[in-house]
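Colleague: Full structure from sequences and hints, please.
Which chain is which? The protein sequence lines are A and B, in order. To get my numbering, take the position in the first sequence, counting from 1, and add 69. To get my numbering, take the position in the second sequence, counting from 1, and add 69.
Possibly wrong hints are sitting among the right ones.
To be verified - No farther apart than 27 Å at their CA atoms in a straight line, the calculated lysine-lysine pairs in the BS3-like style are these:
(1) A/K116 - A/K197
(2) B/K107 - A/K167
(3) A/K167 - B/K179
(4) B/K179 - B/K107
(5) B/K198 - A/K179
(6) A/K197 - B/K179
(7) B/K179 - A/K116
What the hints assert, rightly or not - Computed Cβ-Cβ distance ranges for the label pairs, DEER-style:
(8) A/W373 - B/K313: 40 to 48 Å
(9) A/A208 - B/D264: 42 to 50 Å
(10) B/Y112 - A/M70: 49 to 57 Å
(11) A/R188 - B/I381: 42 to 50 Å
(12) A/D83 - B/E187: 46 to 54 Å
These aren't lab readings, by the way, just hints derived from the structure by calculation. By construction, the Cβ of each residue, glycine as well, lies at the ideal position given by its N, Cα and C atoms.
There are 2 protein chains.
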Amino acid sequence: MSFGSIATWRMAHDGIVESLNSLEKGGTAGDAVESTIKVVEAYPYYKSVGYGGLPNIEGILQMDAAFMCGDTFKIGAVAGIEDVMHPISVARQLSHDKFNSFLVGEGATKYAMLNGFERRNMLTERAKKMWENRLAEMAEHNLSPYDGHDTIGVVSLDSHGSMSAGTSSSGLFMKKPGRVGDSPLSGSGFYVDSDVGGAAATGLGEDLMKGILSYEIVRKMEEGLSPQEACDQTVYPFHDKLTKRYGKAGAFSLVAMNNKGEWGVATNVEFTFSVGNDSEEAAIFIANMGENHTTVIEPITQEWLDAYEKRIKAPIK
Amino acid sequence: MSFGSIATWRMAHDGIVESLNSLEKGGTAGDAVESTIKVVEAYPYYKSVGYGGLPNIEGILQMDAAFMCGDTFKIGAVAGIEDVMHPISVARQLSHDKFNSFLVGEGATKYAMLNGFERRNMLTERAKKMWENRLAEMAEHNLSPYDGHDTIGVVSLDSHGSMSAGTSSSGLFMKKPGRVGDSPLSGSGFYVDSDVGGAAATGLGEDLMKGILSYEIVRKMEEGLSPQEACDQTVYPFHDKLTKRYGKAGAFSLVAMNNKGEWGVATNVEFTFSVGNDSEEAAIFIANMGENHTTVIEPITQEWLDAYEKRIKAPIK
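Modeller: Have a look at this one:
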């Protein structure tokens, strides 16, 4: 049987490599999704997910995450959770509950505490400095403060034919307290059906929840479209529709995999992702919107990777 | 031009009557949705929405609401908001913001306070007594505590051709702190596109968010199905699929209206709703699941209404 994993952004790559090793040995899609996301949540230099993520306007890191099982449609989700090392693990545990499986704010944090999840002050010195600098910039230049919405979204297929999807994000930098994006919202941030495939999103949550794009991509795959066709024919028409009806479409990028391990992406901004399956080794690609509702996908260059590494670790004054 | 409004549950009827009067005079769909929901939020005897709603396990009333404009796809939503008289009005105001338009927990309550929305202790004496009684029953009989998830969901069409949708709910009685259902989640709790139509849901949120049924009904109407066909062909196949894959489908009921004012509903439990348009006076109906994926819809009887009135106002010991 086939297996595979696809995830948003270059940051997902180390987790994807690890999860493919485990999938090859018969590991489950649920474990692949969770372990891929945990790697990103724990890495201090990714500033939009977990530890090291950038805080809200009050300097508090509030995180969103979700987990979905494509066999049963079980969903667990948290939004605005604080001081928890692995929001994705909390979401996954919640997915087993028939009631109360989506928790927000203090209630989510309390659940994590009562259930023994690792607590941590998730605000790094580096993130705090960036927050202080941005506050100063805002005061000086009257800038729109919002920036950075690089959610990790993962879809995995295991060799038993099961699929799962998951997301984790610290949301918009400088968001208002309690702001939630698309990441914990099924249909918008993620959707998966083991009989068909799955999809996950990253981008401006406020606009993604207007389109229900993850669900729509899965639905189009169910109608027989390839993951790439489903992504192209969902993301670009919605980009056009939103531009026409709302005036402007925020950034959004979607990844998808079907139940044969085939994959696709579509995006209206420059977008990196990591993907691998039983026949293709894990690799990072860069995608851009092409002409006539198509996506241009190229292998990442060493030059890009070097510049990225330098950028995320650059000293913060 | 046509106009109309449809809403979940008998409790919506007074608001629907009022909103049709206003739509007839050229009022907007957005105002119709908000005013319908405000009537229900303010009425102390409806125990699943706003003032008089039943609290969570800790005795705190936490409310969810959302508003969507079908012209622009603007969405505003709140979840776990406390001490606010009209969550729907907060959601509607948030829908105008490009960022931070979905707020949860303390952040949502803080936003309402900063923006001058009416604050109130939303827990009535009656709701408090029901909560105390349930705690006692739980201790005595080891009951599953969860009950009551009668969200108000409204879809309105105005004579200018614009449509809006909205929801408001105090969620599951005895829910865990921070629990969120489908009501504030676009695609699951509601969806509307003025070029097509809209839909809204009530039922077990944890299961509704597995199916993205509101979006799917709108999508099917876009393909040319009538609202009733779209409801039947969305709700019952998903009921069957969830029963097969998850083991059991919770209660769910959907209402829909297209951009001609035609309407439909589908439900897997006994379900009342109120609807009217430019050719049909507002009326309450009762719906049940029929054979072969159909819905049996009958006018409500005076007997049913009398029993309902008596039930919701029965003294609580």
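Colleague: Against this structure, judge whether each hint is valid.
Modeller: We went through each hint and held it up to the structure:
no.: 1; hint: A/K116 - A/K197; in the structure: 11 Å, holds
no.: 2; hint: B/K107 - A/K167; in the structure: 30 Å, violated
no.: 3; hint: A/K167 - B/K179; in the structure: 30 Å, violated
no.: 4; hint: B/K179 - B/K107; in the structure: 20 Å, holds
no.: 5; hint: B/K198 - A/K179; in the structure: 26 Å, holds
no.: 6; hint: A/K197 - B/K179; in the structure: 23 Å, holds
no.: 7; hint: B/K179 - A/K116; in the structure: 26 Å, holds
no.: 8; hint: A/W373 - B/K313: 40 to 48 Å; in the structure: 46 Å, holds
no.: 9; hint: A/A208 - B/D264: 42 to 50 Å; in the structure: 43 Å, holds
no.: 10; hint: B/Y112 - A/M70: 49 to 57 Å; in the structure: 56 Å, holds
no.: 11; hint: A/R188 - B/I381: 42 to 50 Å; in the structure: 43 Å, holds
no.: 12; hint: A/D83 - B/E187: 46 to 54 Å; in the structure: 50 Å, holds
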